[in-house]
Amino acid sequence: MILTAPRPTPTFDAVPHPAAFRPKISVRKLWMTFRPKTKEAQPVHVLEDISLDVRDGEFICLVGPSGCGKSTLLNILGGFLQPTEGDASIDGRAIHGPDPKRIFIFQENASFPWLTVEENVGFGVKRDSEAEKRELVEHYIEMVGLTGFAKTFPRELSGGMRQRVEIARALAAEPDVLFMDEPFGALDYLTRLRLRQELIHIWQREKRTVLFVTHDVEEAVQLADRVVVMGKRPARIRAIVPIDIERMRDLDDPACRMLRDEIFGVMGLDHHGLRMSADSSSAIQINVAARRMYN
Amino acid sequence: MKDRLQSIGLPLLVAIVFVTGWHFAVKVTGSDIFPTPLMVVAGLVELAQKGVLVKYIVASLFRVTAGFLLAVFVGIPFGLLLGWFTPLTRAFNPAIQVLRPISPIAWIPVAILWFGVSDVAPIFLIFLASLFPITTAAMAAVQNIQLVYIRAARNFGITGLDLFRKVVFPAALPQILTGLRLALGVAWLVVVAAEMIAVNSGLGYLIIDARNAGKRYDLVVAGMVLIGLIGLGLDLLIRQMEKLDEVRWGLSR
Chain E
0 MILTAPRPTP
10 TFDAVPHPAA
20 FRPKISVRKL
30 WMTFRPKTKE
40 AQPVHVLEDI
50 SLDVRDGEFI
60 CLVGPSGCGK
70 STLLNILGGF
80 LQPTEGDASI
90 DGRAIHGPDP
100 KRIFIFQENA
110 SFPWLTVEEN
120 VGFGVKRDSE
130 AEKRELVEHY
140 IEMVGLTGFA
150 KTFPRELSGG
160 MRQRVEIARA
170 LAAEPDVLFM
180 DEPFGALDYL
190 TRLRLRQELI
200 HIWQREKRTV
210 LFVTHDVEEA
220 VQLADRVVVM
230 GKRPARIRAI
240 VPIDIERMRD
250 LDDPACRMLR
260 DEIFGVMGLD
270 HHGLRMSADS
280 SSAIQINVAA
290 RRMYN
Chain R
0 MKDRLQSIGL
10 PLLVAIVFVT
20 GWHFAVKVTG
30 SDIFPTPLMV
40 VAGLVELAQK
50 GVLVKYIVAS
60 LFRVTAGFLL
70 AVFVGIPFGL
80 LLGWFTPLTR
90 AFNPAIQVLR
100 PISPIAWIPV
110 AILWFGVSDV
120 APIFLIFLAS
130 LFPITTAAMA
140 AVQNIQLVYI
150 RAARNFGITG
160 LDLFRKVVFP
170 AALPQILTGL
180 RLALGVAWLV
190 VVAAEMIAVN
200 SGLGYLIIDA
210 RNAGKRYDLV
220 VAGMVLIGLI
230 GLGLDLLIRQ
240 MEKLDEVRWG
250 LSR
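From first to last, the protein sequence lines stand for chains E and R. First residue of the first sequence? That's 0 in numbering that gives the first Met the number 0, and the numbers climb one at a time after it. First residue of the second sequence? That's 0 in numbering that gives the first Met the number 0, and the numbers climb one at a time after it.
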């Protein structure tokens, strides 16, 4: 059921060369168990046997029920947590701690409230020349649509604008990977919709690798090249669903709806997001698995 | 406009009622020791003419400033370190919690023993009085920093002293400022008490001296009025700092 084999999308060579393929991010047989704080408590198994390859420039969404461990996986890849077992590497090198080349974006906004927007965006910029730095900061402030707010403090901005500050700050550090942990989770519905569109535009221009955790299946279908579906804790990868639909995607598009329902099916939910009987859920899982193998 | 009228007019009204009440209370009881408000004003004028008014105010303010700044420079770094390194908190916190409830007034005999009747004794007392609120505020501020700020900074490759300078200190600043305000209030209380015993100048000395040398209660009350007004001024001064954008995010309102 664990489908990790790299699968080229139409944007890549029509004929894949497995030998030439080198994943940007590679996860192999990863396990994570949290040690209990007291002797009586049971250890908590969070991740079980996770394997995943991510191509350079790919947009991956991790979905799963809340508390399933998708954030834990992201934190391991971000270098904030050590896995109990298994390997995680980026560019072929094992992950040792956080790295400015891979920026993490948090759900609880982490833009520094004591700095202005431009000071925030400039925080991680690694350029020697002041002029270059200023240009870069301006560029990304414009990209996230905050022109005119350079001297403003985050306190004076809305939640959505603060999240843009954090995205701009991450991009300005010129990372090659962005880890986004439910970055739009705390925002209102309309703001969330708009920021998704903007994120796609930014990603299409910048072509960074993005790992995006969400519990919103529709969000995942709208954003991702591939959706990694995780089960309940301890989480395994239950399916990896490629979304081969041209962007920008309309969620009312039948193809989107079908993929959404397919993912719901893998999670054991019907198209209303309600729990199905065990039989039909496993039937769909087998269906999905068969489709992957056929590919 | 109505708000302004209220925020100035109402306190003024209360002051007028209070001062008038005070005046007639003295008249009705026929007290010849306790002064009327007018006698207090005359006392203030007398002090100003003798040239001791400014001298005493400056003396008190100097001691408070010296002791308070000393406490700021020791207390903030110490508190930041305590908050950051958990073993240090464990080691020092019990000692701090035992020393903290001892009133600075209780240290007066010890201060005189160590430093004699000089400026050093009250400065030491003010230092002690301010040190604990400042240290505890800085320590608690660091412990309360939102973890995402630290993680974000580490993600950008910020470590060591840079992490302290760029993230830990600014993130802790609003709460530290609240501690400073508290400490300055305490310092101003303590300087008066210390001056009553340990030195021969300042507003505290003015009060005790006016009483001992001829029961000049007009001067005693004049001293009290000055202490109240200057204390208010100091608090307003530190409140101005709370309006800065760098700390406003962390203070309610």
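Source of the hints: derived by calculation from the structure; they are not laboratory data. Yeah, the Cβ is synthetic: ideal placement off N, Cα and C, and Gly gets one too. Hints are not guaranteed to be accurate.
Said to hold, decoys possible - Label pairs and their computed distance ranges (CB to CB): (1) G96(E) with K242(R): 37 to 43 angstroms; (2) M247(E) with L250(R): 38 to 44 angstroms; (3) L250(R) with L273(E): 44 to 50 angstroms.
Unchecked claim - Think about it this way: if two alpha-carbon atoms lie no more than 27 angstroms apart in a straight line, the pair counts; the simulated DSSO-like pairs of lysine-lysine are: (4) K49(R) with K242(R); (5) K49(R) with K100(E); (6) K242(R) with K150(E); (7) K100(E) with K125(E); (8) K54(R) with K132(E); (9) K150(E) with K132(E); (10) K165(R) with K242(R); (11) K214(R) with K54(R); (12) K28(E) with K132(E); (13) K28(E) with K100(E); (14) K165(R) with K125(E); (15) K206(E) with K231(E); (16) K165(R) with K150(E); (17) K23(E) with K150(E); (18) K36(E) with K150(E).
Going through the hints against the structure:
{"no.": "1", "hint": "G96(E) with K242(R): 37 to 43 angstroms", "result": "holds, 39 angstroms"}
{"no.": "2", "hint": "M247(E) with L250(R): 38 to 44 angstroms", "result": "holds, 42 angstroms"}
{"no.": "3", "hint": "L250(R) with L273(E): 44 to 50 angstroms", "result": "holds, 46 angstroms"}
{"no.": "4", "hint": "K49(R) with K242(R)", "result": "violated, 39 angstroms"}
{"no.": "5", "hint": "K49(R) with K100(E)", "result": "violated, 71 angstroms"}
{"no.": "6", "hint": "K242(R) with K150(E)", "result": "holds, 17 angstroms"}
{"no.": "7", "hint": "K100(E) with K125(E)", "result": "holds, 11 angstroms"}
{"no.": "8", "hint": "K54(R) with K132(E)", "result": "violated, 54 angstroms"}
{"no.": "9", "hint": "K150(E) with K132(E)", "result": "holds, 16 angstroms"}
{"no.": "10", "hint": "K165(R) with K242(R)", "result": "holds, 20 angstroms"}
{"no.": "11", "hint": "K214(R) with K54(R)", "result": "holds, 21 angstroms"}
{"no.": "12", "hint": "K28(E) with K132(E)", "result": "violated, 41 angstroms"}
{"no.": "13", "hint": "K28(E) with K100(E)", "result": "holds, 24 angstroms"}
{"no.": "14", "hint": "K165(R) with K125(E)", "result": "holds, 15 angstroms"}
{"no.": "15", "hint": "K206(E) with K231(E)", "result": "violated, 31 angstroms"}
{"no.": "16", "hint": "K165(R) with K150(E)", "result": "holds, 18 angstroms"}
{"no.": "17", "hint": "K23(E) with K150(E)", "result": "violated, 37 angstroms"}
{"no.": "18", "hint": "K36(E) with K150(E)", "result": "violated, 45 angstroms"}
When held up to the earlier numbered hints, the structure conflicts with 4, 5, 8, 12, 15, 17, 18 and fits the remainder.
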